[in-house]
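J.: Each chain, written out:
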Amino acid sequence: MGLKLNLKPHEKCIIGGAAVQNGNKMASLMIANQTTILREKHIMTEEKADTLAKQIYFVVQLIYLDGGIDNSKQNHEIFFKLIREFIDLDPSSVVLEIIAKIGQQILDGEDYQALAQCRKLIEYEKAILSRLDDIGPVDVNPQADKALPADVVNQLEAGS
Amino acid sequence: MSGITLSASIRQNLLSLQNTTKLLDSTANRLSTGKRVNSAIDSPNSFFTARSLTNRASDLNNRKDSIGQAISLLQSTDKSLSAITSLVEQAKAKAQQADEAATGGVNNITTEKATVVTGGTTLSTSFSANATAAGALFTDIGGTAGEAIAINLNGNATTVNITITVGTTIASVVSTLTALNGITAVYNTTTNQIDITGNGGTDVAIGEGGASLLADLGGVKLDDIAVAADATKTFATANKDTDLLRDVFGVTDAQTIITRVTSGGTSTFTSEDGGSAAPSTIADLISAINSGDTALTATYNTTTSKIDVKAAEGVAVDFSGTGFTALTLSDGTNSLVAGTDVTYTKLGSAAEVGALTTDFQTLLAQINALIGDAGYKGTNLLKASATLDVKFNAKGDSKLTITGKSMEVDTLGILSGLKFTQKATDYDFETAGDITAAKADVDLAITELRTVSSTFGTSLGIIQTREDFTKELVNALESGAGKLVNASLEEESAKLLALQTRQALGIQSLTISNQSQQSILALFR
Numbered sequence: 000m001g002l003k004l005n006l007k008p009h010e011k012c013i014i015g016g017a018a019v020q021n022g023n024k025m026a027s028l029m030i031a032n033q034t035t036i037l038r039e040k041h042i043m044t045e046e047k048a049d050t051l052a053k054q055i056y057f058v059v060q061l062i063y064l065d066g067g068i069d070n071s072k073q074n075h076e077i078f079f080k081l082i083r084e085f086i087d088l089d090p091s092s093v094v095l096e097i098i099a100k101i102g103q104q105i106l107d108g109e110d111y112q113a114l115a116q117c118r119k120l121i122e123y124e125k126a127i128l129s130r131l132d133d134i135g136p137v138d139v140n141p142q143a144d145k146a147l148p149a150d151v152v153n154q155l156e157a158g159s
Numbered sequence: 000m001s002g003i004t005l006s007a008s009i010r011q012n013l014l015s016l017q018n019t020t021k022l023l024d025s026t027a028n029r030l031s032t033g034k035r036v037n038s039a040i041d042s043p044n045s046f047f048t049a050r051s052l053t054n055r056a057s058d059l060n061n062r063k064d065s066i067g068q069a070i071s072l073l074q075s076t077d078k079s080l081s082a083i084t085s086l087v088e089q090a091k092a093k094a095q096q097a098d099e100a101a102t103g104g105v106n107n108i109t110t111e112k113a114t115v116v117t118g119g120t121t122l123s124t125s126f127s128a129n130a131t132a133a134g135a136l137f138t139d140i141g142g143t144a145g146e147a148i149a150i151n152l153n154g155n156a157t158t159v160n161i162t163i164t165v166g167t168t169i170a171s172v173v174s175t176l177t178a179l180n181g182i183t184a185v186y187n188t189t190t191n192q193i194d195i196t197g198n199g200g201t202d203v204a205i206g207e208g209g210a211s212l213l214a215d216l217g218g219v220k221l222d223d224i225a226v227a228a229d230a231t232k233t234f235a236t237a238n239k240d241t242d243l244l245r246d247v248f249g250v251t252d253a254q255t256i257i258t259r260v261t262s263g264g265t266s267t268f269t270s271e272d273g274g275s276a277a278p279s280t281i282a283d284l285i286s287a288i289n290s291g292d293t294a295l296t297a298t299y300n301t302t303t304s305k306i307d308v309k310a311a312e313g314v315a316v317d318f319s320g321t322g323f324t325a326l327t328l329s330d331g332t333n334s335l336v337a338g339t340d341v342t343y344t345k346l347g348s349a350a351e352v353g354a355l356t357t358d359f360q361t362l363l364a365q366i367n368a369l370i371g372d373a374g375y376k377g378t379n380l381l382k383a384s385a386t387l388d389v390k391f392n393a394k395g396d397s398k399l400t401i402t403g404k405s406m407e408v409d410t411l412g413i414l415s416g417l418k419f420t421q422k423a424t425d426y427d428f429e430t431a432g433d434i435t436a437a438k439a440d441v442d443l444a445i446t447e448l449r450t451v452s453s454t455f456g457t458s459l460g461i462i463q464t465r466e467d468f469t470k471e472l473v474n475a476l477e478s479g480a481g482k483l484v485n486a487s488l489e490e491e492s493a494k495l496l497a498l499q500t501r502q503a504l505g506i507q508s509l510t511i512s513n514q515s516q517q518s519i520l521a522l523f524r
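Chains A and B supply the protein sequences, listed in that same order. Its first residue numbered 0, the first sequence is counted upward by one per residue in numbering that gives the first Met the number 0. Its first residue numbered 0, the second sequence is counted upward by one per residue in numbering that gives the first Met the number 0.
Please note that a few of the clues may not be correct.
What the hints assert, rightly or not - Computed footprint of chain B on chain A; a stretch qualifies when at least three of its residues, placed anywhere within it, have a C-beta under 8 Å from a C-beta of chain B:
#1 23-36
#2 103-114
What the hints assert, rightly or not - Below, computed lysine-lysine pairings styled on DSS-like, alpha-carbon distance capped at 27 Å:
#3 Lys47(A) to Lys100(A)
#4 Lys63(B) to Lys125(A)
#5 Lys119(A) to Lys394(B)
#6 Lys80(A) to Lys482(B)
#7 Lys394(B) to Lys100(A)
#8 Lys72(A) to Lys382(B)
#9 Lys376(B) to Lys80(A)
#10 Lys470(B) to Lys53(A)
#11 Lys100(A) to Lys376(B)
#12 Lys100(A) to Lys482(B)
#13 Lys72(A) to Lys390(B)
#14 Lys78(B) to Lys80(A)
#15 Lys100(A) to Lys63(B)
#16 Lys72(A) to Lys398(B)
#17 Lys53(A) to Lys24(A)
#18 Lys78(B) to Lys3(A)
#19 Lys53(A) to Lys390(B)
#20 Lys100(A) to Lys390(B)
#21 Lys125(A) to Lys53(A)
#22 Lys72(A) to Lys78(B)
#23 Lys63(B) to Lys422(B)
#24 Lys72(A) to Lys63(B)
#25 Lys376(B) to Lys482(B)
#26 Lys119(A) to Lys470(B)
#27 Lys382(B) to Lys398(B)
Said to hold, decoys possible - Here are some chain A residues pointing at chain B (derived, C-beta under 10 Å):
#28 Gly1
#29 Pro8
#30 Gln20
#31 Asp69
#32 His75
#33 Phe78
#34 Glu122
Derived by calculation from the structure, the hints in this document are not laboratory data. For glycine and all other residues, C-beta sits at the position ideal for the given N, C-alpha and C.
Taking the hints into account, I'd like the entire structure generated from these sequences.
T.: Structure below.
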């Protein structure tokens, strides 16, 4: 059961715990046995993990690189802290479904698939955060004297 | 009603009023059912998701339950192993005590056994018909004055010569012969022969000296004939009073065995092989040792064919000797080599050692009983190599196999799984060798128990990690399902605001303590 890995020139990846970078030509590799493989586009560094969903991705990535649930006990606490936080912020059906899948895939040893689900969560988070552009930046000082956005005012008047 | 501008404070009040009203409604509903979403009608999407999440959670709960059984088994096994280890350590203490008390009681003198020679021949002389009485003169029966009969006993260099003179009678020849230890000479008047028999253990060689006197008598020429020792004595039936050290132990002539009790008496024993004095019997050696000091008791053990020398409590004994080669004194550990001295200073009383032996044997029996009881709900990981498959998922392809150990006594009654080398009742601390074996065996058992505990401990750790992970996941999902949000706009806004606030507050650092993976990932900056 081999995995074919085509690397572009200078592309980086992690293969079986080694940080690998390709030379200046296209490379076609065949990984014959089961090992951790992470392509450059899927590698998340700690600095890049600047949102909650990305942090979740980062921790699941660590679990994967450690060799799975049995070897990564030190990361479980952080994992659950982060997903609880996400659930608290947004206990929606979409989020719960994704997080349930992530957890179950980690339990079943399908860490790579769990990473794919984490990417879905990142996408979801991105979509929500981009909608905030419509509302505009929040002022953490609630006493500020600002006009409410128009649609919120409409809701207030309509819903009362 | 557009175009109304509200003041900030009124805006705030209105917002909270809005939320409060909504909250009141949903709270009333929630209180009556305990669930946020009552039916599909309230919110189809949320209801069905909640359902599937509850199903997921219950699937995870089922996995957790079967993992829990395995955990209980491993915890129970671990308790048994601790109890067994404690018993083995007690047994170790008994063996050590026995060693310190030591078996000064029994120092066995082991010896090499002489080869039993076969034979038992009676040599007979024959005389001419003229010799009808013991008083007849030798010269009358053909002997010549001045002739000598050479008698050589036991291959000694010494040869005894009997010189025939004019007045020598048959009887005197017979009595001279008899006076030589190791042979019996009798004048057989029926056959007119002097019957010469080697006593048990004596080789008699009758040689021709000078003229072959006896050979001339009656025409029977006597060559050098070795009369062998009596072959009926074997070691098992050796009689200490009559059987010779030479036959039973191969002791040759003039070997000395000296027993010395420190601050006490000494005995010196010099072996005889019959050449110049009566050959030494086992009893002779024993009485010599016993005569040395009242603290010493020597006995002949017919079961083991050994001479057991016991010292009284507190007595130091040493054995030494000079010049002997066939006799070896040893207590299983130390040996006396010809020409060298060995001092034995073991002390002890048989009663104390006996009690320690009993304790040791009892502990071994208790250990076996504990092994038998180490099971949990029908599975015993310490008996007959049970195995346990712990499934981590419904498919069963994610699992852990735990292999048991066979620790109970084997078909020979020995706790061989724990590296013991004898069955319990065979350990006897009266024997130095058994103390040594017991001490070595308990150390191996302790090491084995540690190894087994450690292996089970690793399995337990893996399983517990999975149980904890599963529990946490279930809790997180259940608390989330309990908070499932209706798609209402106010709460949607609140959610969006919350997310944005968190972003604005900045991302907390994760404080991950996973050095190796972090360093790999850092390479990709």
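J.: Could you check the structure against the hints above and give me the numbers of any it violates, in ascending order?
T.: 1, 4, 8, 9, 11, 14, 17, 18, 19, 23, 25, 28, 29 and 34
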